[in-house]
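*Asks:* Residue numbers (my numbering), protein chains in the order written: chain C, 194 to 483; chain L, 501 to 783.
To be clear, the hints were calculated from the coordinates, so they are not data collected in a lab.
Warning: the hint list may mix true and false statements.
If the Cβ cut is set under 8 angstroms, some of the chain C residues that face chain L in the computed set are [unchecked claim]:
no.: 1; residue: Pro210
no.: 2; residue: Pro337
no.: 3; residue: His394
no.: 4; residue: Val396
Every residue gets a Cβ at the ideal spot worked out from N, C-alpha and C, and that includes glycine.
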Amino acid sequence: MWKRNRSWLWPTIFILPAVILFGVVIVWSSLQSLWISLHQWDGLGPKVWVGIDNYRELFRDPQFFTALKNNVIWLVMFMLAPPLGLAIALLVNQKIAGMRFAKSLFFTPLVLASVAVGVVFTWVYTPRFGLLALAYSAFGAEAPALLSDPDLVTFAIVGAALWPQIAFCMILYLAGLNNLSEELIGAGRVDGAKGWDMLRHVVLPQLKEVTFIAIAITAIGALRSFDMISVMTQGGPFGSSSVLAYEMYEQSIFSYRFGYGAAIAAVLFVIMLVFIGWYLSRIMRAEDLR
Amino acid sequence: MYPRPIPETAKGARFTYGAFVWVILLLWLAPLFAIFLTSARTAEDIAAGNLWGIPTEIGLVDNYIGVFQLTPMTSYYWNSILMTVPSVILVLALSTLAGFVLSKYRFPGNMLLFGIFIGGNFLPAQIMMIPVRNLMVNLGVYDTVWALVIFHVAFQTGFATLFMRNFIAALPRELFEAARAEGCSPMQILVHVVFPLVRPALAALAILTFTFIWNDYFWAVVLTISDSVKPVTAGLASLRGQYYSAWNLLSAATVIVAIPPVVLFFFMQRHFVSGLTMGAVKG
């Protein structure tokens, strides 16, 4: 009996811990959240079924639209990361003494905790004293107080968040540049292509896969943003730098509106699903071809 | 190679190019230099606005010792270690087992499981926040390091499993066939064939998961509230609220928080980069 079943018994035992843990903590929790979003709940007392009332309220809440608008700003501005990452990758893709060391220094922002990046950039943006103020005063101008200006604050935070994101895209592109086909490049050179033409017609088509991954992961990263906002402004001033992820946290933890918070998370999830689905379908298709 | 390599012979061109790269790098890392310089200044210098000139007094040692004496940084640090090390070990163990099964056994639902593991990685943390928080409360581990360990092991196992699956799938098929022909049980295959071969992947995975878990902030603030439990990231954020004008101390604390992943990265850079690209590029 034992022997006969051995062929599936061991594999099942091997995979079970991972499946149970991931299934309960990640998958089940996410589904449960959707259920909670249909209730009014303070986190302690009984849940009261309210149907889609939370969602209805959401679409009348101006703060929700501020957060949504900021999510869009994040998404659009984050799209600078792939081209800038590619630019740095091209810059350092040379075999010159010291280049390896320079490369690893370029990576550094990526391994910093985002809280640390948040603190560093808060210091950079500090009026009068910060690095930015210094740069402005070099031209005899005065730096704007970025983090306390409702119109500029989101742009300032995204600027800070781009720092590690660019480094990430740069790593992807460096790996991609390593796998370029020498023959195609050589053929391109024979045909007289160079510089911009070579990049557009010979190199970029070969980097298509990397570009897809860079864009997908950057988009998901933009929508996920929470840490920097929490550390730099806590959504302020007056909620002007909030995004859905932060709004959800604030409604749940500070206002004890768990159902409402879950509804915000659900909306964020639906938006992200577009990118997650896109990414997954590409990965799975590549998997089928293998 | 693209861009066209700068020829070995053109000394001048190589030098100019190198200098150009370092200028860009200097600008790129300027925020980091700024925070490092600030961490070496005294509070008086900062109050007097002497931020970029020559420090009147070097406060470097005082500031760094100050962080540990004036703030609960020692406790934050210890908590981070206590949370990260067991999490990494457990993630490696679980993902090797699951990755082995997913790559070497055919069963219905294999691809679905694989898809769920990948997809789970990209879920927004907020969507599971409330239920995970409740789960930890119900398990009686809320506001302990264990809550963080349980969550991080579960979450990172998703990414780590697909990573190990891809790695093991790429190992030569003949090895497994030979082992099976010899009558090896799955357990023996795992111990004698898989383990010795996956070491490089485990190294890459270990450093990646270490960095992810050490740097996590969201779950640190959601699952802990006491200073005696908070890891460094949540600790740094609360210091930022408390010492918002003591930039010399805050900068030193930031540097202290950043050190472990940065040092690890510089020592095991090859693994880190290969892990990151393999994790992202192949799945």
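*Asks:* Does proline 210/C meet its interface restraint, that is, does its C-beta lie within less than 8 angstroms of any C-beta in chain L?
*Replies:* Status holds, d = 5 angstroms.
*Asks:* Does histidine 394/C pass the interface hint, meaning its C-beta sits closer than 8 angstroms to a C-beta of chain L?
*Replies:* Violated - the Cβ of histidine 394/C stays beyond 8 angstroms from chain L, reaching only about 12 angstroms at its closest.
*Asks:* Please check whether valine 396/C passes as an interface residue: C-beta within 8 angstroms of a C-beta belonging to chain L.
*Replies:* With a minimum Cβ separation of about 5 angstroms from chain L (threshold 8 angstroms), the hint on valine 396/C holds.
*Asks:* Given proline 337/C as an interface hint, is its Cβ closer than 8 angstroms to any Cβ of chain L?
*Replies:* Status violated, d = 18 angstroms.
Hint check: violations occur at hints 2 and 3; the rest are consistent with the structure.
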